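*Asks:* For the record, the sequence lines run as chains A and B. The working numbering runs 520 ahead of the 1-based position in the first sequence. For the second sequence, position 88 matches number 69 in the working numbering, and the numbering has no gaps at all.
No lab work stands behind these hints: they were computed from the structure. Predicted model only: the values in this text are computed from it and were never measured. Idealized CB from N, CA, C, for every residue including glycine. Mixed in with the good hints, there may be bad ones.
Not the full set, but computed from the structure, chain A residues with beta-carbon under 7 Å of chain B [to be verified]:
id, residue
1, 617
2, 630
3, 632
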Amino acid sequence: MSAPTRIKPPLGPDNAWWWEMAAEGKLGIQRCQGCSRLRHPPRPMCGDCRSIKWEAVEACGRGTICSFTVLTHPQFPGYEYPLIIILVDLEEGTRLTSQLINCDPADVAFGLPVEMVIHTDPDGFNIPVFQLAEAR
Amino acid sequence: MAYSLKDKTAIAGIGLTPFSKKSGVSELSLAAQCIVAACEDAGIDPGAVDGMVTYTLDNSEEVDVARAIGANDLTYFSRVHYGGGAAVGTVLQAAMAVATGQAETVVCYRAMNGRSGKRMGQGISGQIINSGLIHYSWYMAYGMLIPGSWIAMIANKYMQEYGVTREDLGRVAISQRNYAQANPRAYGYGKPLSMEEYLASPPIASPLCLYDFCQETDGGCAVIVTSAERARDLRKSPAVIRGISQASTRGQEEMTSFYREELTSLPEMELAGQRAYAMAGLEAKDIDAACLYDAFSSEVIMQLESFGFCGQGEGKDMVLDGALDIDGRLPNNTHGGLLSEAYIHGMNNIAEGVRLVRGDSTSQPAKAVEHVLVSSGVGVPTGALILGRD
């Protein structure tokens, strides 16, 4: 019997491309082709210019911790606890929700620089996560 | 000139089932029982109910409830989305239906086996989310599955920005637990909470710990909305709906509005408050007591700022001054709230708002209570309601 795995994201036309980029080891950002604004989380229309044309660009993967929470309870199968969830302000200007790995929960703090790494689950699922930039 | 709902309608009755961790009955049974209790409180025959409003998350169908209580023909039925954000919205739907003649006696209800049945803390899985799946896809894969985890992200940022401490949150939890000591319905009745116990409680989603979380509860709560004129002829003195609004603001997400420039305020709550105040012709200084939505302790402090009871970052100081206590500036959640009475998704906070206006809370402040502010869910599209004494 295989070990339990994380809940896979439900995929649809508005988000599957992001996870496909992740599967290729890339962190994606959606860019409007009408006004060139970056947006995240992805959505089918630009709320500024109402264009439905967009393209995916690859983020540099560097950012800083905007906020965080350390989850200890309840513990769901497929995740390791304590689980550090972070909001990352990317250098490109968008913000995303992700996980901080290779870090003691006592060491996580606001404003710390982080960098994206791709974590591969035992079942081969790729997910973009972050580690402290100094941990390189 | 826009039509105003001010003073046109009132809450004429409130009804509750007992609250427990295992009701032993169906959610439909809880719904029927709390609605009949609300009718009894108002002095209205359940056979007069001709409108129903509930939450999209409620599992009891309107027609099933109608047959169970022997309701009248229904001429208005509607549901409001966004979890606890629906609470005030149900009253708004009912008030508009009554004011426009679509129905005369509208019941707003929420009944749930929230502990013995499907629990909020069980996390999202795709099974309880029938829309917005793609929205939650950004959180599921990372293990951010429960309301506490989403609220914690905002709470942590807010606390860091304004130097809010665990003790500050503890004062909110303890104030409400103190109120619960006078309320035999409350989960926290007979279970006082000290700061030592609060600070020693296990972490769940930092910075939030056990006592910052509300009570998963089995139970139901209903309120009856009818015209203010009719309510005056009924059994209890009416809680007049003076101001009410729903609100969702730019960049809003359900629970995860993490991508706005500023994370340390609640813009949707500010908008709901401004609109409710404007309709009522009142200001924060006119509000005598409150039932601020409190699924988590941190939410109460932030809302003191959203509704203008103090400046940005000053919520913690108001709490420290004892503002939320019975002799304070703004007695809050005098039934114990979602934290210490029961979590009926905010509907029980509306019921307490009605009691405060009537003067029959188990912790009724000594001062005259003319106006009470009640809010719905925090971190979601929400609403604010100002109830007034007739």
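*Asks:* Now, for every hint given, state plainly whether the structure supports it.
*Replies:* To see whether the hints hold, each was checked on the structure:
Of the supplied interface hints, the one on residue 617/A holds, with its beta-carbon coming within about 6 Å of a beta-carbon of chain B, less than 7 Å. Given hint, residue 630/A at the interface with chain B, holds; its Cβ is 6 Å from that chain's nearest Cβ, closer than 7 Å. For residue 632/A, the interface hint is violated, since its Cβ never comes within 7 Å of a Cβ in chain B; the closest pair sits about 13 Å apart.
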